[in-house]
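Protein chains in written order, with this note's numbering: chain P, 1 to 282; chain F, 283 to 656.
For the record, the hints were derived by calculation from the structure and aren't laboratory data.
Honestly, I wouldn't trust all of these hints.
[Said to hold, decoys possible] Label pairs and their calculated CB-CB ranges:
(1) F/A311 with P/A155: 54 to 62 Å
(2) P/L124 with F/Q387: 32 to 40 Å
(3) P/Q174 with F/Q494: 23 to 31 Å
(4) F/P300 with P/G186: 29 to 37 Å
(5) F/H390 with P/I130: 52 to 60 Å
(6) P/A155 with F/S447: 58 to 66 Å
(7) P/Q174 with F/G341: 52 to 60 Å
(8) P/R109 with F/Q418: 40 to 48 Å
(9) P/R109 with F/S521: 42 to 50 Å
Just so it is clear, CB atoms sit at the ideal spot from N, CA and C, and this is done for glycine as well.
Spelled out from the first residue to the last, the chains are:
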Amino acid sequence: MTALPVRPGARMLRQWSGKIGWAVLAWVVAVAFFIPVLWMVITAFKPESAAETWPPKFIFSPTLAEFRLAVTGMGPFLLHSVVATVGSTILVLLLGVPAAYALSVYPVRRWRDGLFFFISTKMLPIVAAIGPLYVIALHTRLLDSIWLLIILYTAMNLPLAVWMIRSFMLEVPQELLEAARLDGAGRFREIGAVILPLISPGLVSTALICVIFAWNELFLAINLTVTNAATLPMFLISSVPQEGLFIAHLCAAATIASVPVIIVGWIAQRSLVRGLSMGAIK
Amino acid sequence: MASVSYVSATRVYAKDTPPALDGLDLDIADGEFMVLVGPSGSGKTTALRMLAGLEPLDGGRVEIGGRDVSGVPPKDRDIAMVFQNYALYPQKTVAENMAFALKMQKVHKADRDRRVREAARLLDLDEGLLGRKPKQLSGGQRQRVAMGRAIVREPKVFLMDEPLSNLDAKLRVQTRSQIAELQRRLGITTVYVTHDQVEAMTMGNRVAVLSQGHLQQCATPRELYDNPVNQFVAGFIGSPAMNLRTVPLADGGVRLANQVMPLPPAVRAAARQAGLSELVIGIRPEHMHLISGLAAPGDGAGLNGSEQMTGEVVLVEELGADALLHVRLPEGGTPVVARAEGRKPPAPGQQVTLQVQTDDVFAFHPATGARLAA
């Protein structure tokens, strides 16, 4: 068989056009996702009078008035969100590390079932559970309590965290653990002195994901809290204008609420990608 | 320091598979350097890991210093291990790596530092390296840190699992003698696993040869070379490997290269008793002496107690000091290998005559591989 003569120029062109095609697609998708966010941020800086006009105004005198207005009522909501997010994330790590250890380094009996059970809890629609949760919260006097949110957010994030931490732990070379055992380390030392320092980048990305999910959670908060534990997403809901008059106000509040997530995502982007794709390539 | 004993130690990894280690009985004296050698799958690493407590026993027991440690967890056995890939803690510095076990034993900080520096000096590790992370070290340095981590502890037993296999050839030879020398100096009982028979021969006080989960022979290197108990040990020990070939029995000996090679009466008697019509003979390449580049006349009977055979050189491997001649004997089969002086080896295609002392010929049972009338 003779190879078809291909002009090097033509081949390069084909490679180039392929690359450009993918690049264009990637940018289109990225911009499509970004435009609403951009619109939100821009609108937040508009005075209310300029917020809802058609065609949208791009030339306006930016103002921080809506931010000032939004911040005034935000205090308690912000505090509840921070407490629920940080509290649940700490709990998730405290519970997730030993659980992941028992499912990877020293697999307990029927560890596969355990692992599947964890992830299966994410398959049930949360709407189906809200009734029982409400009744339980009512009887345990946890309704509208920040503790309830901490517990529920922990339960919500734990399965994913266990899966992630487990995949990091599986990457720790067996020889290292054996070396630690021979050096006289017990289980706790083995985890504390050998495993945790090695998987700390993975723990960070796990924690960040838990932070993002807990921060953004609305459904449980809106159904189980009223005032004592109401979180930032609920504040946003309460800012949704009934008559379409407070768009700028809503956008300012939403921008403030998004800032932590954006910062966290920015810090974590590299370890997040690594953390999420880990185990997939192994 | 302590002696080590395996008493019918057995390990079965999965049902319906032959045991990885089948009833190992082995006594290692206090301060001895014992090498476990064998091909992959021979059970040598399993035996080592059993001693470390990293592998459970399915039968028998392991003793350290006369105490049954079969159920004792690794951390309480007071043993140190050098791993094949060194297993240094990547996030700890060299000094922290070496001191970790001491920290676990709650040794005082000042004492720890002193012992780490002492070990570093013993291993020619520059003090400047102590603050580095393993990632910043060369392979040879990592190997020495792994050694250092073991020796600072002054354990009862050293375990080494192919610690040289990741070094390049030159460094391996150098480190080989350093480890052997260090062990002699420290006098700590050492169990060393390797698949490299040269390492085994040069380092061990005694060498235990394993194959397919069974101990074949445990003896001094010299004894293994001179008196292998079976065909496996004979073929495994020595480089290049012993020439082994199945030959028919004949009156007074065996038929090889169109002539009868006489065998001692004891061997012939043993073969007769076993009802054999053929047996396996083994001759080491260094015992096949090149007489001349020309075909020798006559029936092949050489000087008293020796035999001559003629064949054609098919391949010459130059090693510098020596040359290995692959010689095809008249009856065909795989060529035999003879070690010749490297200066003027015969060229391929040339006829050569090889002379063999008859007491350098080993004879083995063709089915069981056992040595006949050693």
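Could you tell me whether the CB distance from P/L124 to F/Q387 stays inside 32 to 40 Å?
violated (50 Å)
I want to verify a distance hint. Is the separation of the beta carbons of F/A311 and P/A155 within 54 to 62 Å?
holds (59 Å)
Are P/Q174 and F/Q494 spaced within 23 to 31 Å by their CB atoms?
holds (25 Å)
Given the hint of 29 to 37 Å, is the C-beta distance from F/P300 to P/G186 inside that range or not?
Distance hint for F/P300, P/G186 holds at roughly 35 Å.
In this structure, is the beta-carbon distance linking P/R109 and F/S521 contained in 42 to 50 Å?
holds (48 Å)
May I ask you to test the hint 52 to 60 Å on the CB atoms belonging to P/Q174 and F/G341?
violated (24 Å)
Pairwise beta carbon distance, F/H390 to P/I130, judged against the given window 52 to 60 Å
Holds, at about 59 Å.
Against the range 58 to 66 Å, how does the distance between the Cβ atoms of P/A155 and F/S447 compare: consistent or not?
violated (48 Å)
Does the hinted range 40 to 48 Å hold for P/R109 and F/Q418 at CB?
For F/Q418 against P/R109, whose Cβ atoms are near 42 Å apart, the range 40 to 48 Å holds.
Comparing the model with each numbered hint stated earlier shows that hints 2, 6, 7 do not hold.
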